[in-house]
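**Q** Take the two lone chains and join them into the complex the hints point to.
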Amino acid sequence: MARVWRFEDDVNTDLIIPARYNQTTDSRELAQAVFCEARPEFASAVQPGDIIVAGENFGCGSSREHAAIAIKAAGVSAVIAKSFARIFHRNAVNIGLAVLECAEPIDHIFDGDEVEFSLERGEFRKLSTSEVVVTLPLPEFLQKVIRAGGIVPFLREHDVSELIA
Amino acid sequence: MGTLVEEIIGRKVGRAVTPGEIHLVDIDYMMTHDNTTPLAIKAWREIGKPIFDKQRIVIHFDHAYPAPNLKAATAQKEILDFIRAEGISNFFTQGICHQVMIEEGFIRPGGVVIGGDSHTNTQGAFACLGLGFGSSEIGASWVTGKTWLRVPETLLVTLNGTLSPGVTAKDVMIAVLGQLSASGARGMSVEFNGSLIRSLPMHERIVFANMSTELGAKCGLIAADETTLSFLEDLVEIPSHLEEIHPENPVYAKTVTLDVSQLAPQVACHPRVDTVRPIGELSEVPIDEVFIGTCTNGRYEDLEQAALLLRGRRVHRFTRTIVTPASNKIYERAMRDGLIQIFLDAGCTIGIPGCGACIGRHGGLLGPGERAFTTMNRNFTGRMGSPEAEIYLGSPLAAAATAINGKITDPRVYLLTEENYGTSMAV
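From first to last, the protein sequence lines are chains P and L. Per numbering that gives the first Met the number 0, the very first residue in the first sequence carries number 0; after that it's consecutive. Per numbering that gives the first Met the number 0, the very first residue in the second sequence carries number 0; after that it's consecutive.
Isolated chain L, as found in the complex (with noise of 0.2 Å):
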């Protein structure tokens, strides 16, 4: 009963829930990666109790991996201590933790999945609670395999309307961030519903519920159907039987509804998610790195969206690009299918599978000065290197442009040049 939120830990704990109640909620698994994992263990440590279940634990190397430098180097060895020591099975070092939990099969709708990363929420797209934590609670779970929550209210996002060409789920999500605000959704589960949502396949719906997360939100959700039951069984085997899962009788704190049939590419500007213009206010502006990757962009639609404008031409020789796979998956799929050609031989550079340039430690980190155009899903000061550089998100299709014109540029430029545009590609 209720929205998707509220039938999801109602469900959990065995009836009907409604916001402000806190409950004791059973946790389906507790992940961590590099960077949080190290202060998850001192916490399990200090505590000394023992692991619950140590298969619901699940550890990636993402953020900084193969290690850049010898304190990463030194924290990933201490974490791999620990996992021999305790024998923790689920480790993974194949790419962005958000990407491989949904690809080694962690995410089913109707489930709760804590990690210690603030887009976690990403999970939302399966209606699954993911919700991002700090590490000494994720170790405490490790104790307890339980945390606490307070039931949220619901601000439902109703999107309708035909995305026109060289438009993506991205453009939109950047659009509602513009709306709402970066605190637009604070603590609020986010909803998102409408004829928009419900024609989009999951790798756009996932744009969604990963940039919750900026508007503030605790998770961002979109109802299991069809399209989720059968990309998650086509995945890989999933031992249990998926359900789907939809609000019922709901009652929303908020509703907003935006037809997105008229909009245009939409940038998020240097240095807030929510200072939006439309991609042609901004065409005189240089850039100097474009990467392409992360949990928001890095999937396979996504480099192929890339790879449509890049084939048969090269990137300006002052922007360096960075296709950066979100997961050896995908790069394995693109180097098969002749993507990853395409960027070789536009004069890109392709990064290891893993959060890259995205946190400003390795794979691209930006100078004074310099100015980015990314698919990242945040643009806050001194994310990507230097304080004084600057940061512009965007969808894969506008990075894309923006390399080959070496400055910030409508895709539509481009497209409208591709003859098999809308027939062969599906963007």
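Extracted from the complex, chain P is given alone in its bound form (with noise of 0.2 Å):
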């Protein structure tokens, strides 16, 4: 079982994490320090699991991968919103985090609620009303950086010409 941590549209990278905790490359550094202004109690309560689910443009912003590698360390197992930043979400792919765009509404998903999430069936099931939403497959070369763990770990298996073959 997961929470539900919902977010509304244009969540942006300041939001994530402001850039003045950017100066450590320590993912459990940053994940002390994730959503530290738009949700104080999100470091502390987050647990192993858990996921995001946002509205529009999630991610927009900065540059900064610190924002992904804060959301992957703080245990968050996948972000789910209706559409992402495009250097977001490339970010979130090169560093392991699944990001997963959502093929229906979202409308009726609510902060705290319990969900069963599958990364393999990209989808997730709100227990109070057995309600199930279905996500968009990545492309299919994403989904191999993803399942290596990374682009670095897929870069020490593999050469660049294999990931779009």
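Keep in mind the hints are simulated off the structure, nothing from the lab. Small disclaimer: the values here were computed from a predicted structure and weren't measured. Using N, Cα and C, we set each Cβ at its ideal position, and we do this for glycine too. Worth double-checking, as some hints may not be accurate.
[Said to hold, decoys possible] Computed Cβ-Cβ distance ranges for the label pairs, DEER-style:
#1 Glu130/P - Ile21/L: 51 to 57 Å
#2 Gly148/P - Asp25/L: 24 to 30 Å
#3 Arg27/P - Met334/L: 41 to 47 Å
#4 Asn68/L - Ile163/P: 39 to 45 Å
[As the list claims (entries may be wrong)] Once the Cα atoms are required to be at most 27 Å apart in a straight line, the calculated DSSO-like pairs of lysine-lysine come out as:
#5 Lys145/L - Lys48/L
#6 Lys143/P - Lys145/L
#7 Lys81/P - Lys253/L
#8 Lys48/L - Lys11/L
#9 Lys76/L - Lys41/L
#10 Lys11/L - Lys143/P
#11 Lys145/L - Lys53/L
#12 Lys143/P - Lys41/L
#13 Lys143/P - Lys48/L
#14 Lys11/L - Lys145/L
#15 Lys76/L - Lys48/L
#16 Lys76/L - Lys328/L
[Said to hold, decoys possible] A few chain L residues that face chain P, going by a derived Cβ cut-off under 7 Å, partial list only:
#17 Leu38
#18 Lys41
#19 Ile46
#20 Ser134
#21 Pro386
**A** What follows is the structure, encoded as structure tokens:
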């Protein structure tokens, strides 16, 4: 069982992690500062496996990879949104954080909802109502990167030309 | 063939491309700065393979330079160790990365530059495909020299008409943001064209490419014409031959047309870039800090416009006013031409060339409850320090007028009194 952390549209990288916390590459330190101003309770209350469900344009703003790292290191298993800002989406894939676009409305999903999430099937089920939310599959080459654990482990084992074969 | 982004990617891969296709593309330069280099180094080390071409790596210290605290100092020392050990020659500490990339001749029409900074889009003003990337992928590109790109759809923004006095490229771009919203071009290439764009000098074209990021765009591009080429040729010795690049038989996913002739100065209100109002509607909002600078509006001509209003006047005594030239070259010229003296006489503080107060780590942080009027491109909550502070965005002219009056002020109030307005200064 996982908990939903619900966010609205246009969650920007300064809300995910303000610039002054980006002076480290230590993922545990970044995880402690995640959403520190927007949702001060998040970092201490989030449990491994929880998911973020958000509206349009999640992760807009800066190119800072710290934002994706902080979310992953906090234990979040996937970010599911109506849409993503392009650099955040790329960053998440590159560090092996699942980022999935919803195929259907999520207006009935609320903060604190208890759900069962399956990365394999790309869907989650709201326990109270048994409603299922399905996500759109990522392009195959990005799934390869996520399966490898990110762009770094992928390139350790493969040549870049194998990415788009 | 196609829109500007299709032209540029098509030239790189040697055939016509269409939106939706994924290509592996050769990168001309991979840029990072003090904030994004450490994670790139970490990724490169973990991959454990040699650097493909050291000449293509460009590293800048601009976000917090010289280091304002021990953490930044430690990180910069570690970057320097890497630069020395690997023999990276393209290392710069003379201003904002996007400006220094232009000044040092890394930018040319048809080029592909990826940068560990979301405003790498700036280079689109030269029909150079500038793309913001995260650090790990840049560290990966040090090894591969390539990146995958999805050919984006193109949104054409046609801007026609003539700007009235006191209205600048920044006001037009803020109006475009108000119309299209912060996700209005999400993942797309935005192409700016029209009689206004074609008439503008490079420092004003740059504002559109730079703030295409705020539309959520992948890139913001402007055709490379005579203006582009003569600007680049005057700047530095460009080794290779420069070519004009124009869209050819383009198909646009969406088009927007705006006539700017009646436009008033515009302000993006805290905390969203797309909450836009004409400046006259905000005239009673008191301002604690004015910040003139950044990759959007820290160029010589921007400072010249601010100086036009500040000459012979003083800034409000409770409005600290910081002027931060985008680069040392701009600083030097502003000093030579007397602009710095005008700012000092007016009671301004001159910042160290670089990103300055824009990233909220040094050079003019905001305290709780304070309100800033800046020439930046972003006004997110907490961006400049306290999450309880507010940020308003506008042009250098509006920022100067606001600094004098201590509250948000239409620059035309002061411009009307400038006898030489419109003759000696190109506004």
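**Q** Look at each hint and say if it fits the structure.
**A** How the hints compare with the structure:
no.	hint	in the structure
1	Glu130/P - Ile21/L: 51 to 57 Å	34 Å, violated
2	Gly148/P - Asp25/L: 24 to 30 Å	26 Å, holds
3	Arg27/P - Met334/L: 41 to 47 Å	46 Å, holds
4	Asn68/L - Ile163/P: 39 to 45 Å	42 Å, holds
5	Lys145/L - Lys48/L	14 Å, holds
6	Lys143/P - Lys145/L	18 Å, holds
7	Lys81/P - Lys253/L	21 Å, holds
8	Lys48/L - Lys11/L	25 Å, holds
9	Lys76/L - Lys41/L	14 Å, holds
10	Lys11/L - Lys143/P	25 Å, holds
11	Lys145/L - Lys53/L	14 Å, holds
12	Lys143/P - Lys41/L	21 Å, holds
13	Lys143/P - Lys48/L	20 Å, holds
14	Lys11/L - Lys145/L	11 Å, holds
15	Lys76/L - Lys48/L	23 Å, holds
16	Lys76/L - Lys328/L	25 Å, holds
17	Leu38	5 Å, holds
18	Lys41	6 Å, holds
19	Ile46	5 Å, holds
20	Ser134	5 Å, holds
21	Pro386	4 Å, holds
Hint check: a violation occurs at hint 1 only; the rest are consistent with the structure.
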